[in-house]
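*Asks:* So you can see what is in the structure, the chains are spelled out below.
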Amino acid sequence: MSKQLYLSSSPHIHSGDTTSKVMRAVLYSLLPACAVAVYFFGPAALTVLLIATLGCLATEVVCQRLMGQPVTIADGSAAITGVLLALNLPPSSPWWLTLLGAVIAIAIGKQVYGGLGSNPFNPALVARVVLLISFPVQMTTWSSPTPFGSGLDLVTTATPLGEWKNAVMLTGQMPPELQSGMVDYFLGNMAGCIGEVSALALLLGAGYLFYKRILTWHIPATFVGTVVLFSSVFWLASPDKYPNPLFHLLTGGLVLGAFYMATDMVTTPVSTKGMLFFGVGCGVLTVLIRLFGGYPEGVSFAILLMNAATPLIDRYTRPKTFGTSGQGATS
Amino acid sequence: MLAAILSLGCIGLVAAIALGLAAKKFAVEVDPRELAAMEVLPGANCGACGFPGCAGYAKALVAGTIDLNQCPPGGADVVAKLARILGVEASAAAREIAVVLCQGDNRKAQVKYQYLGLADCTAAQKIAGGPKACPGGCLGLASCQRACPFDAIEMTADGLAVISREKCTGCRKCLAVCPRNVIRMTPYESAIHVLCNSHDKGAMVRKYCQIGCIGCHICKKTIPGAYKVEDFLATVVYEQDEEAIEAIGKCPTKCIRDFSDGYPEGSKLLPVAADKPHAA
Amino acid sequence: MAQHIGAPAVASVEVGQSVAKGQEIGSAKGFVSVPVHAPTSGEVVAVESRPHPWGTSLPAVVIKPDGEDRWTADLQPGDPSALSVDDIVEKVRLAGVVGMGGAAFPAHVKMSPPPEKKISTLIFNGVECEPYLTADHRMMLEEPERILQGVALLKYVFGADRVVIGIEANKPDAIALLEKECAGAPVEILPLQVKYPQGAEKQLIAAVTGREVPSGGLPMDVGVAVHNVSTAAAVADAVLFGRPLIERVCTVTGPAIREPKNLRIRIGTPLSHLVEVCGGLTEDPGKIVLGGPMMGFTQLGFDVPATRGTSGLLLLRDEDVDRQEEGPCIRCSRCVQACPMHLLPTTIAAYSRRDLLAEASEYCAMDCIECGSCSYVCPATIPLVQAIRYGKAAILAKKRNS
Chain A
1 MSKQLYLSSS PHIHSGDTTS KVMRAVLYSL LPACAVAVYF FGPAALTVLL
51 IATLGCLATE VVCQRLMGQP VTIADGSAAI TGVLLALNLP PSSPWWLTLL
101 GAVIAIAIGK QVYGGLGSNP FNPALVARVV LLISFPVQMT TWSSPTPFGS
151 GLDLVTTATP LGEWKNAVML TGQMPPELQS GMVDYFLGNM AGCIGEVSAL
201 ALLLGAGYLF YKRILTWHIP ATFVGTVVLF SSVFWLASPD KYPNPLFHLL
251 TGGLVLGAFY MATDMVTTPV STKGMLFFGV GCGVLTVLIR LFGGYPEGVS
301 FAILLMNAAT PLIDRYTRPK TFGTSGQGAT S
Chain B
1 MLAAILSLGC IGLVAAIALG LAAKKFAVEV DPRELAAMEV LPGANCGACG
51 FPGCAGYAKA LVAGTIDLNQ CPPGGADVVA KLARILGVEA SAAAREIAVV
101 LCQGDNRKAQ VKYQYLGLAD CTAAQKIAGG PKACPGGCLG LASCQRACPF
151 DAIEMTADGL AVISREKCTG CRKCLAVCPR NVIRMTPYES AIHVLCNSHD
201 KGAMVRKYCQ IGCIGCHICK KTIPGAYKVE DFLATVVYEQ DEEAIEAIGK
251 CPTKCIRDFS DGYPEGSKLL PVAADKPHAA
Chain C
1 MAQHIGAPAV ASVEVGQSVA KGQEIGSAKG FVSVPVHAPT SGEVVAVESR
51 PHPWGTSLPA VVIKPDGEDR WTADLQPGDP SALSVDDIVE KVRLAGVVGM
101 GGAAFPAHVK MSPPPEKKIS TLIFNGVECE PYLTADHRMM LEEPERILQG
151 VALLKYVFGA DRVVIGIEAN KPDAIALLEK ECAGAPVEIL PLQVKYPQGA
201 EKQLIAAVTG REVPSGGLPM DVGVAVHNVS TAAAVADAVL FGRPLIERVC
251 TVTGPAIREP KNLRIRIGTP LSHLVEVCGG LTEDPGKIVL GGPMMGFTQL
301 GFDVPATRGT SGLLLLRDED VDRQEEGPCI RCSRCVQACP MHLLPTTIAA
351 YSRRDLLAEA SEYCAMDCIE CGSCSYVCPA TIPLVQAIRY GKAAILAKKR
401 NS
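Residue numbers (our numbering), protein chains in the order written: chain A, 1 to 331; chain B, 1 to 280; chain C, 1 to 402.
So here's chain A without its partners, still in its complex pose (with noise of 0.2 Å):
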């Protein structure tokens, strides 16, 4: 035979579904949120897209130049963040805090501890965080929808949450108004992040997600099932003062953090019955935060607090191994 033959360890076939491969279809399903996003805020979303993308890919390249490590810009993952990112960015973010982000979110978010798979958080939520905390007011200065708006006469709003948690502390009670407009959250027609507003264009995306087999339902199954039940126990006891479980679902950034950003796979545990618990988590923390904590959000918050509990989670939650179950020895 002239050619050399290949030879390997078994198995000899592989699925072909690869790393980038799976990237390259999560960025096609956050793509409606992103038509969604500059139909309602403009030319301004779309700004905020773009840098906060081509951020984190420099970034990422510059990172790993600087490491002596092989740019892998290509698989795509960066690009995700970047997107992520700037779907958790209000839309009149200016061109340097969109560009930080993008910075804190490769460099200090992923590119420190070692690259894609060693990150312990979700980099885009840990520069959103930062970004919050850093930058309030940018952060907090929101725009109302304009279809098609010009992106130049921007007015600003509060989100829903925001304007719950302003008239629950200033009142004690909730506006009954707010539980009013249910059909324009779903489509997204509300203040908010880029991204977070239309739960109909996410819910779309991650359709195709489940479809692609690249979503469980775990994660966010629990993440939703848990705010729903919680908060109506609220609801429930107090509906004058506490919004309904549907408010709680469709403003705000629940349905972006369930499905996307706490399904992130390297920073959430391998195990079915951790991800159970991981979205259980996720669910009463956010709940407490939006109803007791200072900030009117708490997904990015509750999700970066369960991220850091990932390790332990895989410690208490391996799966048995075939033949430990105890079920075998009958004879």
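Keep in mind that the hints were calculated from the coordinates and are not lab data.
The beta carbon of each residue, even a glycine, is placed where N, CA and C say it ideally should be.
The calculated lysine-lysine pairs, modelled on DSSO-like cross-linking and capped at a C-alpha distance of 30 Å, are:
1) K59/B with K399/C
2) K117/C with K320/A
3) K201/B with K221/B
4) K398/C with K29/C
5) K126/B with K392/C
6) K392/C with K112/B
7) K398/C with K59/B
8) K21/A with K195/C
9) K399/C with K320/A
10) K273/A with K212/A
11) K398/C with K126/B
12) K195/C with K320/A
13) K273/A with K195/C
Just some of the chain B residues that point at chain C, by a computed CB distance under 10 Å:
14) Y113
15) Q114
16) G117
17) D120
18) K126
19) I127
20) A128
21) G129
Chain A is fixed; fit chains B and C onto it per the hints.
*Replies:* Just chains B and C now, with coordinates in the frame of chain A:
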């Protein structure tokens, strides 16, 4: 403001006192000689002494249960210092270093097949005896490099392990991980080696390697005492290699190497030493 | 001579000697060992080391066939009703019968469980052990009588109450045929879910009985014995006709072969001959795999012989060979979901690669059955199985040394 300063100060004071007391109360008695020995030892925790780390060795030294020349990385220097600390006489063992007895990189030696999979020599060796056609040649998957605690092993671009004479401390970790036994311990003083590890007959060797020993005996005929040939493979007799250098030019496949004169092709270690010890 | 797991047989013939088909040419050494027999009649032309599918050269007897294919005279047909259990086991051992699924574990060892282990359930594995392979399916379709004779014999040997033949549900023809043949007999035909590795012993037992073989244990620990359907046929041949195991069914397939076929082959046939019979190659192959795609061994060439464990010959083209470079683990947990043994492959592999053997065994590295599912699904194309296998070998070596 004042209250804050005072309260913080008080907390600090209380904590400091508590820590101080705890340190006193729970202090662990350590033989000062053990600490001194730890200071002197290289601290690489390489395990060449047979203990899990330098601390274990230091403890055993003070207890007197082990010789103090068991630390090859430390060399004569450390032995002398340890002897002073422990108040005993001792002489260092002769310094030995590891050498990769192969020059057959991916350009000079044939492979049987293209290996796909785990970049580890032991794992590759399990698949049809390793990709390299030569049964003794360096597989080039850098298992030894990863095992070296002293960063003394370099992989050339063409996939050959080369060990630095200066950085190697003789801890033998690389010997343990090499599935082909191509790394040997040699006296530091001997810089001349036959860089081949194949016991196949000359005709076989020629088929798969341009630079392997073919067992032609020319080196042995040139300097009879300095070389021996066993099973079609020549080796340097390290005890009497003073004149071994004379045979280098005679070797038809150029597999005898003077390391003080440079390392195998492709290595970034010492290109050519300015002053050759053997040239005098 | 290395035809099975356990001590290889030792050649008992000399160069120049003429042998008859079925004559013993290698004698067994040790309990976990079986003799080897001449696959045809002819002259011994060499007794030397030859390339073996395991990748190295091992002792072999080379026979030049005389074309007569003449059986040896001393075959001893047996009457099952007159034989004791021990007689049957001995006949099986002498015939060199091994597990035909692929691992080639001597059958007589499996047939002699210690007396305190009562085998209540006997399972026959008609589940193809790996994708691509269809040898067992073919056996069931073409030789149900032989299989069922073996089934009856093994039932007698084990004294089992329940006898099950497990077949994948996507082979309705085999299920229907065996159901017809078994009508009235105390044998269940159980259609099983089609998934890999359903044919693995422990998974099959769990699917059929709901019992899990304890970690580190054997099927007999849960009162079960598993035999391949082809093994049953070989047992029937050995006991009823005294015929040794000299042939088997082998699937020759893959994108690089012209006419994929199931062949009944003599043990020892060079692979090149199998390729020839199947119309040759469509192109130079990229990988030659002996066995299945998930657990088979790659080969250096076609000059090695088929052995008793050769269930398949798979020829892959260059473009079928996955050459993706491995990336970092992204903790996607697909390997965890895929592992039939409920392990954490990525964790074990990471520990194994760093030689952290205590940690690797703490995560049950030794329970890995090396089915290949984790490597198959890994999007980072990490050689998980190879790393775990490496770790397992190191753990075993360490145990042996201490």
